[in-house]
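Start from the sequences and build out the full structure, keeping to the hints where you can.
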Amino acid sequence: MTYRKEQELSKQQEKFLASIQTQNFLKEYTPEELHDVFKTIMSQGFHGMCFSMYEDGQEPGHHITEEQVLRRMKILKPHVKWVRSFSCIEGNEFVPKVAKQLGIKTLVGAWLSDNKEKNREELDGLIKMANEGLVDIAAVGNEVLYRNDLSIEELLQHLDEVRAAIPSHIPVGYVDAYYEFTVHPELTAKCDVILSNCYPFWESCHYDYSLTHMQHMYGQALNAAKGKKVIITETGWPSKGESLGDAHPSEMNALKYFINTQLWSKKAGIEAFYFSSFDESWKVGDEGDVGAYWGIWDKKEQLKY
Numbered sequence: 277m278t279y280r281k282e283q284e285l286s287k288q289q290e291k292f293l294a295s296i297q298t299q300n301f302l303k304e305y306t307p308e309e310l311h312d313v314f315k316t317i318m319s320q321g322f323h324g325m326c327f328s329m330y331e332d333g334q335e336p337g338h339h340i341t342e343e344q345v346l347r348r349m350k351i352l353k354p355h356v357k358w359v360r361s362f363s364c365i366e367g368n369e370f371v372p373k374v375a376k377q378l379g380i381k382t383l384v385g386a387w388l389s390d391n392k393e394k395n396r397e398e399l400d401g402l403i404k405m406a407n408e409g410l411v412d413i414a415a416v417g418n419e420v421l422y423r424n425d426l427s428i429e430e431l432l433q434h435l436d437e438v439r440a441a442i443p444s445h446i447p448v449g450y451v452d453a454y455y456e457f458t459v460h461p462e463l464t465a466k467c468d469v470i471l472s473n474c475y476p477f478w479e480s481c482h483y484d485y486s487l488t489h490m491q492h493m494y495g496q497a498l499n500a501a502k503g504k505k506v507i508i509t510e511t512g513w514p515s516k517g518e519s520l521g522d523a524h525p526s527e528m529n530a531l532k533y534f535i536n537t538q539l540w541s542k543k544a545g546i547e548a549f550y551f552s553s554f555d556e557s558w559k560v561g562d563e564g565d566v567g568a569y570w571g572i573w574d575k576k577e578q579l580k581y
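Read in order, the letters of the sequence shown correspond to residues 277 to 581 in the numbering used here.
Derived EDC-like pairs: lysine to aspartate or glutamate, alpha-carbon spacing no greater than 16 Å straight-line:
1. 353 with 577
2. 575 with 331
3. 404 with 437
4. 381 with 408
5. 576 with 331
No lab work stands behind these hints, which were simulated from the structure alone.
Right, here's the structure in full:
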């Protein structure tokens, strides 16, 4: 590592450490004041959101129309600079296309799994869209290691393929839980940018400590990154559903978590994608009843707060 890189890393870490709060920003706020802060954040806009594709009765594997994507993207446009997509097939390819038409930047993901045929379609789709100018950041897989769908060797090969096949100015990375980049330094070395999911809820964290815990998650990914940019690609809190240990879903906890995330990330200069834009009923199959309530908007596309 050169002196210049060491200096940049020090500045990055110092800025992050200076932004950490040991107390929640919102401890003394009334519900009315919280809603006012939320409205201000929404009106001023924030970095980005994960794009929710599916209406009731739809799920991954269904083909989604460009018209549906456009309708939902227009709802997000006044509020975000970036959107994140999760797949490059079955209508997901319309997400970066429509986003670019509306002037929104794109973090585009190829969904990799243990299905090699589908993986080929996803990778080809990502490469095609990147070469068409629709991709600002390319994500090769999402939580593949967490799910044990691919080996680290297979994942690294896919990263190499995409890096070689798309324009060099487009950063290439991989999305996973924050700790995977510490466990797999060879993965961190391959990525141009570190794409880290940070969920205090899924680690049974009580809301009162959720901001501090999320900061520590980000800090671990930052340490593993060795001077590379770290983006929080997912963080959020469900508004309904069953508790997970000390983590309790509620509209008030979800509202406060969203506000805390936006206030802190803006202060720290951290790029973060909130999960998620709209509630999606299909997610109960993977996550239980909380899966249907991660959105800022409900499943009928009405703002919750």
